[in-house]
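Visitor: The residues making up each chain are set out below.
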Amino acid sequence: MRTTLWGRIAYILGGLVAALALAAAVLVTMNLRGEDPLPDAADTAWRATPDQIERGRYLALAGNCAGCHTVRGGAPYAGGLGITTPFGTVYASNLTPDVQQGIGSWSAAHFWRAMHNGRSKDGRLLYPAFPYPSFTRITRADSDALYAYLRSVPAAAVPNQPHRLRFPYDTQAALAVWRALSFTPTSFVADPAQPAEWNRGAYLVEGLGHCIACHGSRNVLGATEEKRGLSGGLIATENWYAPSLTSKREASVADWEARHVVALLKNGTAPGGSVMGPMADVVYRSTQHLSDADLGAMAVYLQKLPDSTPQADASPPARRDTATMERGARIYDQRCAYCHGDAGQGASGAYPALAGSRAVNMATPLNLIQVVRHGGFLPSTSGNPRPYGMPPFGHVLDDNDIAAVLTYVRGAWGNNAPAVTTRDTMQR
Amino acid sequence: MTSLLTTAQALADFRVPDTIAQRVAACIACHGREGASNNAAFFPRLAGKPEGYLFNQLVSFRDGRRFNSDMVHLVQHQSDAYLREMAAYFASLDLPYPAVSNVSDASAETLARGKTLALQGDASRGIPACTQCHGAALTGVLPGIPALVGLPRLYLSSQLGAWLSNARHALAPDCMAEVGRKLSTDDVNAVAAWLALQPVPDRAKPASSLPGLLPMPCSAMPVSQR
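Residue numbers (the working numbering), protein chains in the order written: chain A, 1336 to 1763; chain B, 2 to 227.
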C-alpha cells in the first residue's frame, strides 16, 4: 500500500513538473513567435543614407515618438517621461545614440526586434506602454529609417529610469503571460479591394499612428481590443475620454468633407470640431508635421471605418433638476456667455458653439469637465498659429458649480445629454 | 419661420474682434482685465512688464522650467512666435497701478530685515541687493528683468520660495537660482513682506539700463550686459 501511495505521489508530482515545464515552454514559444534570428556579428558595415535619415525623421513625427521619449525641455529622444497606467508607471527609455544609456550599441536588427516583436536588445520583454502591438505592423524599411534617424540625433547620457510597477506586473513572467495572451507579431497586409490611398491611411493609423492606444478600448489586462477598433476609449489615469471614431454621435468623420478631416489633423481645428487635451498634443507634436498626401490617406481610411453609431433611442429627454439648471444658467451667464454667446452659439472662428455640439452632447462628460477646469488654447499650428484661448475655471468654480453649469449647457438650446453630477466632477 | 431663420443667421454671424487682446482674453480671468491684476491675491500683474521677461517665463512654463500647472497647460502647445506676441502685447499695456495697501501683519523687525536685504543685500552671505539688478526703484530693467513692486505678497514669497526649494528655473546662467540657494525661509518672508508694502512710483516703467554691473551672470539680460 505504502509503495503505491508514494508511487502515486511521485506520479502526480512528476505530472505537475511536466505540466509546468510544458506551460513554460509554451509561454517561451509564444513569446518568440515570429522572431527572425539576430545576426551574430554586429552589422558594423551598416550605413544610413541621408534619405533614410530624413525619412526616419518624418516617421518619428508620424509615430509621435517624442511625445513620450522627450520630456519638456529635455534633450530630444533622451526618454524620461513617466506613462501612468493602472498597473504603475512605465518610463520611456533613452533612444539617443549614447552607448551606455541609449541605443548606441544596438543594431538595426535589434531595433527591428523591438518594434516588431517588442523585445529589447538584451532580450527583455518590453511593456506595451511602448505601443509595439501597433508598431509591429510597420515595414522593415520604415524601422530601418527610424533607426537611422535616431542614430543621427545628438547622444545624451540621460540614465533610464526604472519602471515603478506593482507586483506581479513588474515581473518578466507576468509580461510573458500577457504577451502570450495579447500579442502576436503581425505585418501590415494591404487590402487589394481598397485603393492605395486607403491602404496608406490604414498603415499609418493602425501602425505608427497607434491611434488605438487611446481611441480603442482595453481589456482588464490593459491590452487594446483590436476587434472593437477605434470605438473610443477612456484614458484612465488622465481622466480624458478619446471619443469613438466609428460613432456619428461621437467623433466619426464619415459625414465630413475629406478636406476638413485633413484640416483637423493639420491645423487642430475644422468646421466640425477642434482638438483639446491629449489630442491637442498629438496634433502639435505629430500630425501637423505630416504631408498633405499622408493626412489625406488617413482621412480616407478614417472616413471608411465601420459605423458603430448606436440606434437613436426614443427615450424621453434626460431629466434635469430645476434648481441645478437655474444655478447652471447663472454661472453660464457670468462666466461663459461672454465668449460662447448667450444662446451657446459661439463666435465664428474663435469660440466653439455649444448648442448642437457633438462634444457637448457626448454620453461621458469627462472631457467637458477637464476643459472647464483647465481651459486651454488650441495647439498653435501653421494653419491656426494664434489660437483664441479659454481660461481655467478650476479655482473659481467648485465641483458643484462645474456640475451645474455643464448640466445646464447639456440641457439648453436643444442640447439633450444627461445631467453632470458632482460624482462626475469629483473624479480627478 | 422667417424670424427664426434671421435669428439663426444672426447667431451664426456672431463674431469677436480679430485682435491679440481678444485672443489672449483667457489670461485676464486670473491676471486681471488687460493684465493689471490688483495685488490682493496671488496672480502677478502682466501689464507693462518687460517683454523679454514675459516671453522667457512663457517659454519656461512650456519647456519645463516653471511648474504652475494651469500655466503649463495653457502654453504647452504654443509656438515661440505666438508666445512672443503675447509677451509684447502685455508689455505694451500702460495702465495705472492700483494703490498699495499699507497694512501688514509682518513685525517691524521683519520689515526692517526685508528692507536691508532688498536695498543692501547681505555681503557676508554673498546675497546681492534686489536693487542691483531690478533697478534702483525696483521697477525692473529692460529687456528681461521684472519689477518687484506692485506684486502680491503671496506671489513674491511663493516665487522666492520656489528658488529656495529649486522649483523655479531659468536658462543658464540662472542667477536667481544662485540667490535662492543662499536665502533662508525667514529671508524670503522678510523680503516679500517689505516689497509688498512698497508704493509704486507714478507712471512706473522698467528702467532702460542697469544701475551698475550685474553682480552675477544672468540669462535674462543680453550677453553684452551679463
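Possibly wrong hints are sitting among the right ones.
To be verified - Stretch-level coverage of chain A by chain B, calculated; a stretch enters the list once three of its residues show a Cβ under 8 Å from a Cβ in chain B:
(1) 1400-1410
(2) 1681-1689
(3) 1700-1713
(4) 1726-1732
Stated by the list, open to error - With the Cβ distance kept under 8 Å, some of the chain A side facing chain B (calculated, not the full set):
(5) Ala1615
(6) Asp1616
(7) Arg1665
(8) Tyr1667
(9) Gly1718
(10) Pro1720
(11) Tyr1723
Read the hints as simulated data drawn from the structure, not as lab findings.
Glycine included, each C-beta is placed from N, C-alpha and C at the ideal position.
Visitor: For each hint, tell me whether it holds in the structure or not.
Guide: Hints versus structure:
1. 1400-1410: holds (count 4)
2. 1681-1689: Answer holds; 6 residues pass the 8 Å Cβ test.
3. 1700-1713: holds (count 5)
4. 1726-1732: The restraint on the stretch 1726-1732 of chain A holds, since 6 of its residues have a Cβ under 8 Å from chain B and three suffice.
5. Ala1615: Result: holds, 5 Å to nearest chain B Cβ.
6. Asp1616: Interface hint status for A:Asp1616: holds (7 Å vs cutoff 8 Å).
7. Arg1665: violated (17 Å)
8. Tyr1667: Violated, because the Cβ-Cβ distance from A:Tyr1667 to chain B comes to roughly 15 Å (cut-off 8 Å).
9. Gly1718: violated (12 Å)
10. Pro1720: At about 6 Å, which falls below the 8 Å cut-off, the nearest Cβ of chain B leaves the hint on A:Pro1720 intact, so it holds.
11. Tyr1723: Result: holds, 5 Å to nearest chain B Cβ.
Figure legend: structure checked against the earlier numbered hints; hints not met, in rising order: 7, 8 and 9.
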